[in-house]
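Protein chains in written order, with the working numbering: chain A, 16 to 165; chain B, 16 to 165; chain C, 16 to 165; chain D, 16 to 165.
By construction, these hints were calculated from the structure, which means they are not laboratory data. Note that this is a predicted model, so its numbers are computed, not measured. One or more hints might be untrue.
Have a look at the derived ranges for each label pair, beta carbon to beta carbon [to be verified]:
hint : chain 1 : residue 1 : chain 2 : residue 2 : range
1    : D       : A45       : B       : D36       : 55 to 61 Å
2    : D       : V66       : B       : A21       : 37 to 43 Å
3    : A       : S39       : D       : G48       : 52 to 58 Å
Glycine included, C-beta positions come from ideal geometry on N, C-alpha and C.
Protein chains: 4
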Amino acid sequence: MPPDLADRFDPALAARMQGADPASAGGLPAFLGIEVTECSPGVLAARVDVVPALLTPFGAAHGGVLAVLVDHVLGAVCYPVIPRGAWAATTEFKVNYLAPVREGILEARAEIIALGNRIAVVCIEARSNGDRVGLAQGTVTIRAPIPPPA
Amino acid sequence: MPPDLADRFDPALAARMQGADPASAGGLPAFLGIEVTECSPGVLAARVDVVPALLTPFGAAHGGVLAVLVDHVLGAVCYPVIPRGAWAATTEFKVNYLAPVREGILEARAEIIALGNRIAVVCIEARSNGDRVGLAQGTVTIRAPIPPPA
Amino acid sequence: MPPDLADRFDPALAARMQGADPASAGGLPAFLGIEVTECSPGVLAARVDVVPALLTPFGAAHGGVLAVLVDHVLGAVCYPVIPRGAWAATTEFKVNYLAPVREGILEARAEIIALGNRIAVVCIEARSNGDRVGLAQGTVTIRAPIPPPA
Amino acid sequence: MPPDLADRFDPALAARMQGADPASAGGLPAFLGIEVTECSPGVLAARVDVVPALLTPFGAAHGGVLAVLVDHVLGAVCYPVIPRGAWAATTEFKVNYLAPVREGILEARAEIIALGNRIAVVCIEARSNGDRVGLAQGTVTIRAPIPPPA
Numbered sequence: 016m017p018p019d020l021a022d023r024f025d026p027a028l029a030a031r032m033q034g035a036d037p038a039s040a041g042g043l044p045a046f047l048g049i050e051v052t053e054c055s056p057g058v059l060a061a062r063v064d065v066v067p068a069l070l071t072p073f074g075a076a077h078g079g080v081l082a083v084l085v086d087h088v089l090g091a092v093c094y095p096v097i098p099r100g101a102w103a104a105t106t107e108f109k110v111n112y113l114a115p116v117r118e119g120i121l122e123a124r125a126e127i128i129a130l131g132n133r134i135a136v137v138c139i140e141a142r143s144n145g146d147r148v149g150l151a152q153g154t155v156t157i158r159a160p161i162p163p164p165a
Numbered sequence: 016m017p018p019d020l021a022d023r024f025d026p027a028l029a030a031r032m033q034g035a036d037p038a039s040a041g042g043l044p045a046f047l048g049i050e051v052t053e054c055s056p057g058v059l060a061a062r063v064d065v066v067p068a069l070l071t072p073f074g075a076a077h078g079g080v081l082a083v084l085v086d087h088v089l090g091a092v093c094y095p096v097i098p099r100g101a102w103a104a105t106t107e108f109k110v111n112y113l114a115p116v117r118e119g120i121l122e123a124r125a126e127i128i129a130l131g132n133r134i135a136v137v138c139i140e141a142r143s144n145g146d147r148v149g150l151a152q153g154t155v156t157i158r159a160p161i162p163p164p165a
Numbered sequence: 016m017p018p019d020l021a022d023r024f025d026p027a028l029a030a031r032m033q034g035a036d037p038a039s040a041g042g043l044p045a046f047l048g049i050e051v052t053e054c055s056p057g058v059l060a061a062r063v064d065v066v067p068a069l070l071t072p073f074g075a076a077h078g079g080v081l082a083v084l085v086d087h088v089l090g091a092v093c094y095p096v097i098p099r100g101a102w103a104a105t106t107e108f109k110v111n112y113l114a115p116v117r118e119g120i121l122e123a124r125a126e127i128i129a130l131g132n133r134i135a136v137v138c139i140e141a142r143s144n145g146d147r148v149g150l151a152q153g154t155v156t157i158r159a160p161i162p163p164p165a
Numbered sequence: 016m017p018p019d020l021a022d023r024f025d026p027a028l029a030a031r032m033q034g035a036d037p038a039s040a041g042g043l044p045a046f047l048g049i050e051v052t053e054c055s056p057g058v059l060a061a062r063v064d065v066v067p068a069l070l071t072p073f074g075a076a077h078g079g080v081l082a083v084l085v086d087h088v089l090g091a092v093c094y095p096v097i098p099r100g101a102w103a104a105t106t107e108f109k110v111n112y113l114a115p116v117r118e119g120i121l122e123a124r125a126e127i128i129a130l131g132n133r134i135a136v137v138c139i140e141a142r143s144n145g146d147r148v149g150l151a152q153g154t155v156t157i158r159a160p161i162p163p164p165a
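Given the sequences, and given the hints that come with them, work out the whole structure.
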């Protein structure tokens, strides 16, 4: 963890993120029921319950489930340590699928490895039922907020 | 395109994939309404209508939308050129986000760059409203099917 | 190719890069004998002669040969289209090895896919003896020059 | 670390790798002087002395130096835990550059995250003078040896 993450940490925001109702987010995170389970300086964990509707005809979770979770925690881990109102936009990420997930909880844990004024690099490990099932690494660009279309 | 993709191509499967009702797939692809718009030897294109429910509070499509689409076409482009019943499992992919998508159609076009007995490498370009918005590259492992849990 | 690359293109710099003696660069590029064979707006190709000294005990080129070439063209393709004196620093790249290279010429061709004020995204294809042997994708940060240590 | 790496570990090979003279390897590893500093089950560290010849005109180590080191440890960490004579071929890797390296020792530490019969996934962290300067993740295919050309 870069040394000054604790100084930049916004515990109130972290508490809101951790307590949020997954359904309230809307869109993809609500569809998957992404729930933040840990949010500390430079670290964020979130999980999805791999219900049968998320499996492919081959009986494993669609790769997109892990991909969404990776993209989600990649940005989310940044918000408590960047200025209020700034936007953590995914520049890119890479994910390895280590084992199929067939049921139970899929949890991803993101850790900020480097944080500059404009760029953060994050490492993400995903586990399910005690096994590592995914490993990812991504780059986030920190931007001033872009207002939504009127 | 590797030279022998046309010989391995299963046009009947391709036609079924292209004509499939997005809602019939269930899970993430149905939630996003992923529709296959082109399926030829070594190439597959699919698209998503970026409805407001898929936007984040910042007004851009959640990065997970492109991530799911990338993962989806990465595997789907392989099925018409691998043996019936084989499984195209994502080993890994990497995606760059080139521009935010705020509305309209998001389309990803996958092209098989290399295909061996066990591994395929695929390049994917995503466009929206005429602009390139994503670029991805991934590795797929071709496996005999794993039966779903009883 | 992004539409305005031709307007930003510095043909004098491109000509110098294309005509440069590989030995004059020093360091890794000189050791490998990297020679720029094409330099046009948004595109740069360079090649290495895969001499026996670059093979591993298994008789294939060390993966580092392609990795250096990828990193090299990733930055080099940017210089003729960024301000004089700016620095094209590799943020990250990803490379797939498609086939071993045992002899002959290894050539990589880089194409700028997106170019903003601060970030460029580049796609790179490597070929040897007519076959695709590598595919890469990378992100470059454009920075004001950092002076070398005194 | 996957649980059975210790059982597969070949300590004699590891000892040879750790004690090898960098110059004896030839090619790129000898040019860079890559020295293995640690080799235990599932972990391998190696380092390069960043001499002035490895710097670019901007005064930072050429990105290729880290790229070669990453590719090198990615394969090397596998050899002591795969069958004698098998070949650990890089399928792909992705590397993030976190900070420029201007002098001193560059060290990369590879750790096997997953190891199956055919594929290994490896995470690599690079440090210099106490700082993290690179993060990488790669996929290795384990193959029976391919004899060098006659």
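Right, here's what the structure says about each hint:
no.: 1; hint: A45(D) x D36(B): 55 to 61 Å; result: holds, 60 Å
no.: 2; hint: V66(D) x A21(B): 37 to 43 Å; result: violated, 52 Å
no.: 3; hint: S39(A) x G48(D): 52 to 58 Å; result: holds, 56 Å
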